[in-house]
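*Asks:* Here are the chains, one letter per residue:
2 protein chains.
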Amino acid sequence: MSQLLVVGTVAFDAIETPFGQTDKILGGAATYIGLSASRFNTEVGIVSVVGEDFPQEDLDMLAGHGIDLSGIEIVPGGKTFFWSGRYHNDLNVRDTLVTELNVLADFKPVVPEHFKSAEVLMLGNLHPQVQIDVIHQMANRPKMIILDTMNFWMDHTWDTLVEVISMVDVITINDEEARQLSGQYSLVKAAAAIHQMGPKYVVIKKGEHGALLFHNQQVFFAPALPLEEVFDPTGAGDTFAGGLAGFISASRGYSFEHLKTAIIQGSNLASFCVEKFGTLRLEQLDEQERIQRLEQFKNLTQFDISLQGA
Amino acid sequence: MSQLLVVGTVAFDAIETPFGQTDKILGGAATYIGLSASRFNTEVGIVSVVGEDFPQEDLDMLAGHGIDLSGIEIVPGGKTFFWSGRYHNDLNVRDTLVTELNVLADFKPVVPEHFKSAEVLMLGNLHPQVQIDVIHQMANRPKMIILDTMNFWMDHTWDTLVEVISMVDVITINDEEARQLSGQYSLVKAAAAIHQMGPKYVVIKKGEHGALLFHNQQVFFAPALPLEEVFDPTGAGDTFAGGLAGFISASRGYSFEHLKTAIIQGSNLASFCVEKFGTLRLEQLDEQERIQRLEQFKNLTQFDISLQGA
Chain A
2 MSQLLVVGTV AFDAIETPFG QTDKILGGAA TYIGLSASRF NTEVGIVSVV GEDFPQEDLD
62 MLAGHGIDLS GIEIVPGGKT FFWSGRYHND LNVRDTLVTE LNVLADFKPV VPEHFKSAEV
122 LMLGNLHPQV QIDVIHQMAN RPKMIILDTM NFWMDHTWDT LVEVISMVDV ITINDEEARQ
182 LSGQYSLVKA AAAIHQMGPK YVVIKKGEHG ALLFHNQQVF FAPALPLEEV FDPTGAGDTF
242 AGGLAGFISA SRGYSFEHLK TAIIQGSNLA SFCVEKFGTL RLEQLDEQER IQRLEQFKNL
302 TQFDISLQGA
Chain B
2 MSQLLVVGTV AFDAIETPFG QTDKILGGAA TYIGLSASRF NTEVGIVSVV GEDFPQEDLD
62 MLAGHGIDLS GIEIVPGGKT FFWSGRYHND LNVRDTLVTE LNVLADFKPV VPEHFKSAEV
122 LMLGNLHPQV QIDVIHQMAN RPKMIILDTM NFWMDHTWDT LVEVISMVDV ITINDEEARQ
182 LSGQYSLVKA AAAIHQMGPK YVVIKKGEHG ALLFHNQQVF FAPALPLEEV FDPTGAGDTF
242 AGGLAGFISA SRGYSFEHLK TAIIQGSNLA SFCVEKFGTL RLEQLDEQER IQRLEQFKNL
302 TQFDISLQGA
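Which chain is which? The protein sequence lines are A and B, in order.
With my numbering, letter number 49 in the first sequence gets 50, and the count goes up by one each step, no holes.
With my numbering, letter number 66 in the second sequence gets 67, and the count goes up by one each step, no holes.
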């Protein structure tokens, strides 16, 4: 079986939306990526760090989804990374209330021996130096390296970020971040500029407006499924990236055509993620639901061009 | 040949964008709708009003595109409707600088005898009472009535607007307007509420984020083509509606499948409209360009779902 190695945060989140709020619940980029990727026929391993306060039952839940946790360091006496945020009525806008780095502040990633030849490496949103360290620990250059990042690293660690971007095949980034990274307002021009920085594939996430995949002069668009209710957007971007990475790893296909299907798979999983708080919906998702909704994605965009010229 | 009757403004616009500005140029909803619809194999007629100041060369240009102008009243001594607006750097936001109704203030539409049996009626954005008057003048109920409207009529003529909405088959409206009309934030719920008001098909325009088509429990999404540069968004929504109406009229098909292709055709034409000021790009568009870009729309969203399950 192929392998997908994921590096990213495993964390606690406290979330407030217009529809309710949570205490500290399971969160973190690698958690969402791992749960999403584990839907596909590939071995998923996580490299991360948590504190001694991290519940065994959450580790058991992740292991129950077939995720290899040997790369998760548990720091004795340490506290797990904690993030708290509040969403506005417009769920595209959120305020960060609390960020406690805790054990993440001194995180030195260690890739387990048996994952050093993973075909696909997914670098979740983290300090770009940590992302670079993980690439350097791989025994072989993975067939595909996928990078997620955010505006914080553009503001604070520009040079290191540019370095890691030059080392990857795929970057996933939201529309505002793509504009900031490239200095271009037009997303077509932004993608072209980011191509020049290294990645063959540029994926621009537009939240409820879907995602664009750019590759050379070609472009593909994956819509977001129109939902009656978006309950909690936390983790949607990571779930999207996890579906993308999981599908690519399982398919062992790295072409533009594979990437197209991969971002549809990611969009499909993200559409479930937002239906409940935190990871709840992903944990409970059954395979039949996932496949059925994939059919809806197909129906959402397929049309008969031959109807023209009446 | 089938007939499409269009009612709407024929006007002067003065436009300011971050890229330049114009003097008074040809504009108006019916102008864009007519130019767009005339791309299809159907007879297009316009019902509108202009002043004596309206240039013969603009009338000649429209006639040159095969558009029947016998329903355009020229008011002796009257002045043509004039609108002026300024777009922000974010082209989704614009300020209206001037609105001079002029001859539009007393507009009494008169449908020409030879268009009273048109199969498709497109009601461009106008006072809803004018839209109702046109419906009442038709000899037969058209096979499909398409309505475009805007928030101004929700604010000022609510009851009349609700009445005309109850009389049509298709409504096109932007996302914010759909929310205002329905009182629902979720576009899925908004569309369901608008269905209840009458229209079988609800088309929600999201500008650069594409358009959604709702029909009963079904939904279809037409992306906007990602463009390097949007130069002037004026008329894009009308061009979209014109392509939709023109295709439906030409195809004589009124099913969900036909509507899907129709909104792709409309999106395709709108993608040209925004490339130059005013109607310039639509006037110059050649048929081969139009067909080629339609192919791009197909490539933009088609994926191979069978790639799953590696």
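Just so you know, these hints were derived from the structure itself, not from any lab.
Treat the hints with caution; some may be incorrect.
Same chains, same names: a pair is fine if it fits in one copy or spans any two.
Here are the simulated lysine to any residue pairs, SDA-like style, with alpha carbons at most 25 Å apart [stated by the list, open to error]:
(1) 277 to 84
(2) 80 to 184
(3) 109 to 18
(4) 207 to 138
(5) 117 to 141
(6) 190 to 290
(7) 117 to 4
(8) 117 to 207
(9) 190 to 20
(10) 207 to 228
(11) 277 to 185
(12) 144 to 21
(13) 190 to 286
(14) 201 to 297
(15) 201 to 300
(16) 201 to 305
(17) 190 to 278
(18) 144 to 306
Just so it is clear, the structure is predicted and the values come from calculations on it, not from any experiment.
*Asks:* Checking against the hints above, which ones are violated?
*Replies:* Numbers 2, 3, 4, 8, 12 - these are the hints that the structure violates, sorted from lowest upward.
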